[in-house]
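Number of protein chains: 2
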Amino acid sequence: MNRPTLPFDLAVPIIQAPMAGVSTPALAAAVSNAGGLGSIGIGASTVTNARQMIEETRALTVRPFNVNVFCHEPARRDPARERAWLDHLTPFFNELGTPAPTSLSEIYTSFLVDDEAFEMLLAERPPIVSFHFGIPSPDRLAAFRKAGIKTMATATNPREAERIEKAGIDVIIAQGIEAGGHRGTFNPSEVDEEWSTSVLVRSLARQTKLPIVATGGIMDGRGIKAALELGASGAQLGTAFISCPESAANASYRRALKSARAATTRLTSVVSGRPARSMVNRFIVYAETAGSPAPAAYPLAYDAAKQLNAAAMKHDDDGFAAQWAGQGAPLARELAAAELLTTLAREMT
Amino acid sequence: MNRPTLPFDLAVPIIQAPMAGVSTPALAAAVSNAGGLGSIGIGASTVTNARQMIEETRALTVRPFNVNVFCHEPARRDPARERAWLDHLTPFFNELGTPAPTSLSEIYTSFLVDDEAFEMLLAERPPIVSFHFGIPSPDRLAAFRKAGIKTMATATNPREAERIEKAGIDVIIAQGIEAGGHRGTFNPSEVDEEWSTSVLVRSLARQTKLPIVATGGIMDGRGIKAALELGASGAQLGTAFISCPESAANASYRRALKSARAATTRLTSVVSGRPARSMVNRFIVYAETAGSPAPAAYPLAYDAAKQLNAAAMKHDDDGFAAQWAGQGAPLARELAAAELLTTLAREMT
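Chains as they are written, first to last, in the working numbering: chain A, 4 to 352; chain B, 4 to 352.
Hints may contain errors.
When chains are identical, the list treats them as one kind, so a pair holds in a single copy or across two.
Here are the simulated lysine-lysine pairs, PhoX-like style, with alpha carbons at most 25 Å apart [stated by the list, open to error]:
no. : residue 1 : residue 2
1   : 261       : 212
2   : 212       : 228
3   : 169       : 212
4   : 149       : 169
To be clear, the hints were calculated from the coordinates, so they are not data collected in a lab.
Here the structure is a predicted model, which is why all the values come from computation and not from measurement.
Required output: the full structure, derived from the provided sequences and hints.
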């Protein structure tokens, strides 16, 4: 194979996926302490909260950990499209007895235009920073390199992998169509070939000398070994970690993962405005009905979905929750993070 | 793993996929002689031709080989839908200067209702018969068992696998979303979870004690090893064999597989009426345009597509050809079948 090892000091080449809103400093630290690479996602956090999460993680582990940011193109505003989307969702706002918003907000600032987050990361210097939805500018990457920060970025196809390699990023996260949560596609308006993790990893292994991390549909040690066989240098697991007690997943999300619903996931743009794989719920079914308007751009659509979810959760109704999950969700186990890590490592032998 | 081995006498657990219209007795025999399991597909053949193909294969090898039949529910006729589909395609018939048909024919008889094909198979007694799109009746399966014929059937999800196991079939072909050609879905009107080969194999390995053959996106020995790691007892490769000199693929199909087009496949129902993965061509792009009517049922839609292709090929235009290919098509190699088999076996070590 002659594939490189990951340029991090890990006992096992297993990365816990960042999963903004689900991962926590406790989860990341537990994974890192157990010999894997824990991650926190700060793409949905304020800079103040992000700094705090990094410091909390550092307080819990001396091992390497990873901080993930969102590098999407900032939303192109389109009042007519946003209005149509809000109109489409108004029956739900009415049903939940909460006023429909009159406009949508860009609830996340892209790292591409977030100088404050960049300066914070440079100052905090986490061992590893990873990028989703795109890659930062050459000068920011140069600054990270100079600061000794290793970098990783998600590719969903060979073209994105090529851009990542040319940018001088250290590791390619090869995300297959099976993956839960947001697909890392750079430009969601391009046709998506929807390659599986296996096909993508096998292809990238021939294309690049960079280390590749397989992600999407991997739930156990056998899955990790299979990915290594295909040429990956490591595997990133997200859904497998949601049920850990250290995660921030709420009770209804955990229940859903243990239920028959886990077998029914769908890649949809209606929750956030970008394709993401979620367990199917009432909101998705309605919002995707034939004849529905196009969702507002990311993350504008997410603003609406989050407001609906907040209103519904007051009545313990999780029919509007973003319950991301990969295709492998039925294989998820409920273990503490350290135990899951050692189980995965044992299954790899 | 404690997974069973395939109940056939093979040197390597590699099956060449049936691929009606592409596989030939020469291809199947070359694969079987090289220690794998060669297959012919007779779902699109008359009983006379099918018998001849079986006899030709038997004349070329003393090793086990596999004969595949289509077990789809016969088309439910719907004159309005068929008329709308023909109207949709009429501009192409006009352009190609060939009269649009006034009605569509069921060009393939389902094995479920084909007594003559059943009797022929019982009389010819090929070592293995495999089923796609469904499974035959219990009495036919009992007759095959009594005749010493081993059986395999395609599953695209856990429910189909359960039905296959309950029917007493010997091997489950676990077909992931990456696979080229027709998806084996029993009932295409059900929601398709579109599981990748990896997720499906890993799940079925926990569900059943039957041997599982992984198929979809597997192009080389590393891919086969990865599938075995996940719990498969063997792997079935289709796209990897199309370019073999022994296949019936025409020159334009072979050229397309070597071109950049190989990287752009799509699962579409517009060619045949059932979901199948194909390299994208002009016909597919047009026939899938937003607002297009639903394709006529399988195999009625295929009647129209085949007529268009026949007319276009007179002008060396392959824009209407059914050029099936899996997601792994860019990794295809051009080797004689025996050499491909030995290469795959070597890559597995």
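To see whether the hints hold, each was checked on the structure:
1. For the homomeric pair residue 261 and residue 212, the shortest alpha-carbon distance between copies (23 Å) is at most 25 Å, but the shortest distance inside one copy (39 Å) is not.
2. With identical chains, the CA atoms of residue 212 and residue 228 are at most 25 Å apart both within one copy (19 Å) and between copies (21 Å).
3. For the homomeric pair residue 169 and residue 212, the shortest alpha-carbon distance inside one copy (12 Å) is at most 25 Å, but the shortest distance between copies (47 Å) is not.
4. Only within a single protomer do residue 149 and residue 169 lie at most 25 Å apart by alpha-carbon distance; the minimum there is 17 Å, versus 62 Å between protomers.
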